[in-house]
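Visitor: Listed below, chain by chain, are the residues.
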Amino acid sequence: MNLKHYGSLFMAFALSSLVLLGCDDKTQLKSESADISEGIDISMFTEGAFSQAPKIIDCETAQGTKTSCYEFITTGAPAGREPGPFCPRTIDDGADAGGAWFDKSGSGDLVDITGEFILKLDEYYGDEKWLVYDADTKKVRYTATKEACLGAAKPDVEAQYMQNCIECKLEYLDDDFSVTYLIPTTPIPAKRTGRVRTVGIALDGSELSGPAPVNAILGAYTIAAFDDCGGHINVHQGYHYHASTGCTDRAANTDDGHAPLIGYAIDGYGIYAMKDSQGKEAEGLDECRGQTDAVRGYHYHTASPSENLFIGCLHGETVRPSGGPQGGPPPGGGPPPNGAPPRNGEH
Amino acid sequence: MQATNAYAHSGPLNELAIKACVQKQRSKACRYQGVHNDLYIGTCQYMAESLLCVRNQPIQQLDTSNKSTKPDHSHEDTQR
Numbered sequence: 060m061n062l063k064h065y066g067s068l069f070m071a072f073a074l075s076s077l078v079l080l081g082c083d084d085k086t087q088l089k090s091e092s093a094d095i096s097e098g099i100d101i102s103m104f105t106e107g108a109f110s111q112a113p114k115i116i117d118c119e120t121a122q123g124t125k126t127s128c129y130e131f132i133t134t135g136a137p138a139g140r141e142p143g144p145f146c147p148r149t150i151d152d153g154a155d156a157g158g159a160w161f162d163k164s165g166s167g168d169l170v171d172i173t174g175e176f177i178l179k180l181d182e183y184y185g186d187e188k189w190l191v192y193d194a195d196t197k198k199v200r201y202t203a204t205k206e207a208c209l210g211a212a213k214p215d216v217e218a219q220y221m222q223n224c225i226e227c228k229l230e231y232l233d234d235d236f237s238v239t240y241l242i243p244t245t246p247i248p249a250k251r252t253g254r255v256r257t258v259g260i261a262l263d264g265s266e267l268s269g270p271a272p273v274n275a276i277l278g279a280y281t282i283a284a285f286d287d288c289g290g291h292i293n294v295h296q297g298y299h300y301h302a303s304t305g306c307t308d309r310a311a312n313t314d315d316g317h318a319p320l321i322g323y324a325i326d327g328y329g330i331y332a333m334k335d336s337q338g339k340e341a342e343g344l345d346e347c348r349g350q351t352d353a354v355r356g357y358h359y360h361t362a363s364p365s366e367n368l369f370i371g372c373l374h375g376e377t378v379r380p381s382g383g384p385q386g387g388p389p390p391g392g393g394p395p396p397n398g399a400p401p402r403n404g405e406h
Numbered sequence: 002m003q004a005t006n007a008y009a010h011s012g013p014l015n016e017l018a019i020k021a022c023v024q025k026q027r028s029k030a031c032r033y034q035g036v037h038n039d040l041y042i043g044t045c046q047y048m049a050e051s052l053l054c055v056r057n058q059p060i061q062q063l064d065t066s067n068k069s070t071k072p073d074h075s076h077e078d079t080q081r
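Line order of the protein sequences matches chains A and B.
Residues 60 to 406 in the working numbering are what the first sequence lists, from first letter to last.
Residues 2 to 81 in the working numbering are what the second sequence lists, from first letter to last.
No lab work stands behind these hints: they were computed from the structure.
Note that beta-carbon positions come from the ideal geometry of N, C-alpha and C, so glycine has one too.
Please note that a few of the clues may not be correct.
Derived BS3-like pairs (lysine-lysine); straight-line CA-CA distance at most 27 Å [said to hold, decoys possible]:
1) A:Lys198 - A:Lys188
2) A:Lys228 - A:Lys197
3) B:Lys29 - A:Lys339
4) A:Lys163 - B:Lys29
5) A:Lys163 - B:Lys20
6) B:Lys29 - A:Lys250
7) A:Lys334 - B:Lys29
8) A:Lys228 - A:Lys205
9) A:Lys163 - B:Lys25
10) A:Lys250 - B:Lys25
11) B:Lys20 - A:Lys188
12) A:Lys197 - A:Lys179
13) A:Lys179 - A:Lys198
14) A:Lys163 - A:Lys228
15) A:Lys228 - A:Lys198
16) A:Lys163 - A:Lys179
17) A:Lys339 - A:Lys163
18) A:Lys163 - A:Lys198
So the derived list for chain A, only partly shown, Cβ under 8 Å to chain B, looks like this [claimed, not checked]:
19) Ser166
20) Arg254
21) Gly269
22) Glu340
23) Leu344
24) Leu368
With the hints as extra help, turn the sequences into a complete structure.
Guide: Written as structure tokens, this is what we have:
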């Protein structure tokens, strides 16, 4: 995939921001360390990742630390590419016509959603009730309308949309749909690691989401199809990722063979791919799947695509935006306060 | 219903990782054997409201000679 990056545009923005905002400690765009590039480097984001130029604003973390944050606003669409394809249309379709889904082993690469995969779902999951196609027409049952998307792309799949391959379109999002992220400009190590709900933001501006509710999805005999990049769409989060397959990778400006950057966690630390340039997985990770080195400071490494998670916990403090708790609804379900849309548990 | 409820009894994908953290507390060490005779070692972490074993070591391929003593889907408890 050919991804264009902000590069010089953001360098200009960064410089102008420094002029506009002055150089006090709260508005530094990057860590002051000359050696460690810990925290967000906005020049790493893909061109078009944000619907508005990122701002630096005052914010307070959930732990009570007053600091400065980047305010990123996105449209809910991945920059630089069109999402999809997700569901194949017939059981004769090959891998090019469909996307991908978690390997049932819970590890390794995603599996292609081919027509044959749809045909043999009963065999794959050892449950003869699976029937996500019409045996007469060989057509795959998929959510072809906004109404079907709304009824299916949620944990409590409506009965009429069971036995479907689920896919939604960006055009189903509200016209004024946007996603706002508040992320500390300089990561603040937390006294206690935090629980992951929303993980962060990918370099293309899409959300890196918490685990997909696979039990609800599979329990309804549905496949919440990803595209080959490991993401899919719902009307609450827009396009979002549940797996990292390389589509947002951006090689770091280092020659140490380190794994590429894929995005940033909501605590501001970088998230890197699982494997380095030699194909080796990082060792010595902490419980959050993070580690510290002399170049990047503290940073995370993702798990494999089919593990249904990116990182284990949050090393740093995170910001609780107005309208609801960071990254998701209150424990136990129910809508978040102030009418904010649910940010967790949607497919 | 939110995913936090649904995920609490997650299906086959993360089932082994969740079982590895039954009756454990957050940050406690955990390990489980996958379906391909591979070993996952990590700590118990909350994902949404469910505690599951999050791997923080590279996946280890078990020696096939161990297979007779360690059946698939085992959930070994190793407190840290």
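Visitor: Compare the structure with each hint and give your call.
Guide: Taking the hints in turn, this is what the structure says about them:
no.	hint	result
1	A:Lys198 - A:Lys188	holds, 17 Å
2	A:Lys228 - A:Lys197	holds, 23 Å
3	B:Lys29 - A:Lys339	holds, 26 Å
4	A:Lys163 - B:Lys29	holds, 26 Å
5	A:Lys163 - B:Lys20	holds, 16 Å
6	B:Lys29 - A:Lys250	holds, 17 Å
7	A:Lys334 - B:Lys29	holds, 25 Å
8	A:Lys228 - A:Lys205	holds, 8 Å
9	A:Lys163 - B:Lys25	holds, 25 Å
10	A:Lys250 - B:Lys25	holds, 21 Å
11	B:Lys20 - A:Lys188	holds, 25 Å
12	A:Lys197 - A:Lys179	holds, 13 Å
13	A:Lys179 - A:Lys198	holds, 14 Å
14	A:Lys163 - A:Lys228	holds, 26 Å
15	A:Lys228 - A:Lys198	holds, 20 Å
16	A:Lys163 - A:Lys179	holds, 13 Å
17	A:Lys339 - A:Lys163	holds, 23 Å
18	A:Lys163 - A:Lys198	holds, 24 Å
19	Ser166	holds, 6 Å
20	Arg254	holds, 4 Å
21	Gly269	holds, 6 Å
22	Glu340	holds, 4 Å
23	Leu344	holds, 4 Å
24	Leu368	holds, 6 Å
Of the hints listed earlier, there is not a single one the structure fails to meet.
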